[in-house]
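Novice: Given the structure of chain A, go ahead and fit chain G onto it with the hints provided.
So the sequence lines, in the order shown, correspond to chains A and G.
Note that this note's numbering numbers the first sequence so that position 77 is 77, with each residue one more than the last.
Note that this note's numbering numbers the second sequence so that position 62 is 62, with each residue one more than the last.
Treat the hints loosely; a few may be bogus.
Which copy is meant is left open, so a pair is good if it fits within one copy or across any two.
What the hints assert, rightly or not - Okay, derived cross-link-like pairs now, EDC-like style, lysine to aspartate or glutamate, Cα gap no bigger than 16 Å in a straight line:
hint : residue 1 : residue 2
1    : K62       : E94
2    : K58       : E19
3    : K26       : E122
4    : K2        : E94
5    : K26       : E115
6    : K2        : E122
7    : K31       : E115
8    : K29       : E115
9    : K58       : E94
10   : K62       : E19
11   : K62       : E91
12   : K58       : E91
13   : K26       : E43
14   : K2        : E63
15   : K26       : D80
Rather than coming from a laboratory, the hints here were simulated on the basis of the structure.
Letter by letter, the chains look like this.
Protein chains: 2
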Amino acid sequence: MKALLLVAHGSRRVASNDEVRELTKKLSKEKHHYNHVDCAFLELSEPSIPNGLRSAIKAGAKEIIVLPYFLSAGRHVAEDIPEEVAIVQSESPEVSISIAPYLGHSHGLTTILLEQATLHNENT
Amino acid sequence: MKALLLVAHGSRRVASNDEVRELTKKLSKEKHHYNHVDCAFLELSEPSIPNGLRSAIKAGAKEIIVLPYFLSAGRHVAEDIPEEVAIVQSESPEVSISIAPYLGHSHGLTTILLEQATLHNENT
Chain A
1 MKALLLVAHG SRRVASNDEV RELTKKLSKE KHHYNHVDCA FLELSEPSIP
51 NGLRSAIKAG AKEIIVLPYF LSAGRHVAED IPEEVAIVQS ESPEVSISIA
101 PYLGHSHGLT TILLEQATLH NENT
Chain G
1 MKALLLVAHG SRRVASNDEV RELTKKLSKE KHHYNHVDCA FLELSEPSIP
51 NGLRSAIKAG AKEIIVLPYF LSAGRHVAED IPEEVAIVQS ESPEVSISIA
101 PYLGHSHGLT TILLEQATLH NENT
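Only chain A is shown next, with the shape it has when bound in the complex (with noise of 0.2 Å):
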């Protein structure tokens, strides 16, 4: 069972985390090969990383994949969600836990950076 955990920052702004499980439940409801879909906070809000994973453990999941949802691999990308990821990964072994590249890292972010320009121009 697969499951895949959509990893953002967390504000102190409640409408901010709330936009991130909006986001998560849109998700969920695509087209996916996933059985579990859910987000997780490094900071400031809840579920914390550990906590989003061992829900999606509890699951059933045997294979997760972190995705984080960060537009800079700084500090956060690099160190810190990988240390939150291993506490769980020492906890349980047996699953396979892996992080894919932040979202500024994708190809696909010209394409709908320039759908949205121009969807608005069209709007206006």
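Specialist: Frame of chain A, contents of chain G only:
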């Protein structure tokens, strides 16, 4: 003449700002109908939003789309960027400057997030 200005938050980490500049170069090389594609930063890096807009106007832009490279609709997107844009709009009322929805609002996000996870999964 049309211009596109990608606006990022800006970081103390030079590499993060350079990632935005690289993305802007990639954007400018895609197929689009802008004569001028540039980036600007709300804080911590250069050019500022007003200076980015002024460069586009100097280059001949009559219509500028500001594209916020932000994941959530916080104060930066709702207030700070519009305030910075308003400074240059009042200096150059003959130029049409408008702000497109921020990246986190894009319908295409779920698609590229799933692509990112799947590509990663295929490579592991």
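Novice: Look at each hint and say if it fits the structure.
Specialist: Evaluated hints:
When the C-alpha separation of K62 and E94 is checked against a cutoff of 16 Å, the pair qualifies only within one copy, where the shortest distance is 7 Å, while the shortest distance between copies is 60 Å. Proximity of K58 and E19 under a CA criterion of 16 Å is satisfied in neither setting, with 25 Å inside one chain copy and 37 Å between copies. Taking CA atoms no more than 16 Å apart as the test, K26 paired with E122 passes in neither setting, with 25 Å inside one copy and 23 Å between copies. Taking CA atoms no more than 16 Å apart as the test, K2 paired with E94 passes inside one copy only; the shortest distance there is 13 Å, against 55 Å between copies.
In this assembly of identical chains, the alpha carbons of K26 and E115 lie at most 16 Å apart only when taken from different copies (14 Å versus 19 Å within one copy). Taking the shortest alpha-carbon separations for K2 and E122, only the inter-copy value of 13 Å comes in at or below 16 Å, while the best intra-copy value is 40 Å. In this homomeric assembly, K31 and E115 come within 16 Å of each other (Cα to Cα) only across copies, at 11 Å, whereas the closest approach inside a single copy is 21 Å. For a Cα distance limit of 16 Å, the shortest separation of K29 from E115 across copies, 15 Å, qualifies, whereas the shortest one inside one copy, 22 Å, does not.
In the homo-oligomer, the alpha carbons of K58 and E94 lie at most 16 Å apart inside one protomer (13 Å), although the nearest pairing across protomers, at 60 Å, exceeds that limit. In this assembly of identical chains, the alpha carbons of K62 and E19 never lie at most 16 Å apart, being 28 Å within a copy and 34 Å across copies at closest. In this assembly of identical chains, the alpha carbons of K62 and E91 lie at most 16 Å apart only when taken from the same copy (13 Å versus 59 Å across copies). Taking CA atoms no more than 16 Å apart as the test, K58 paired with E91 passes inside one copy only; the shortest distance there is 13 Å, against 59 Å between copies.
Taking the shortest Cα distances, K26 and E43 never come within 16 Å of each other, neither inside one copy (22 Å) nor across copies (32 Å). For a Cα distance limit of 16 Å, the shortest separation of K2 from E63 inside one copy, 5 Å, qualifies, whereas the shortest one across copies, 47 Å, does not. In this assembly of identical chains, K26 and D80 lie within 16 Å of each other by CA distance neither inside one copy nor across copies; the values are 26 Å within and 28 Å between.
Hint compliance for this structure: hints 2, 3, 10, 13 and 15 are not met, and every other hint is.
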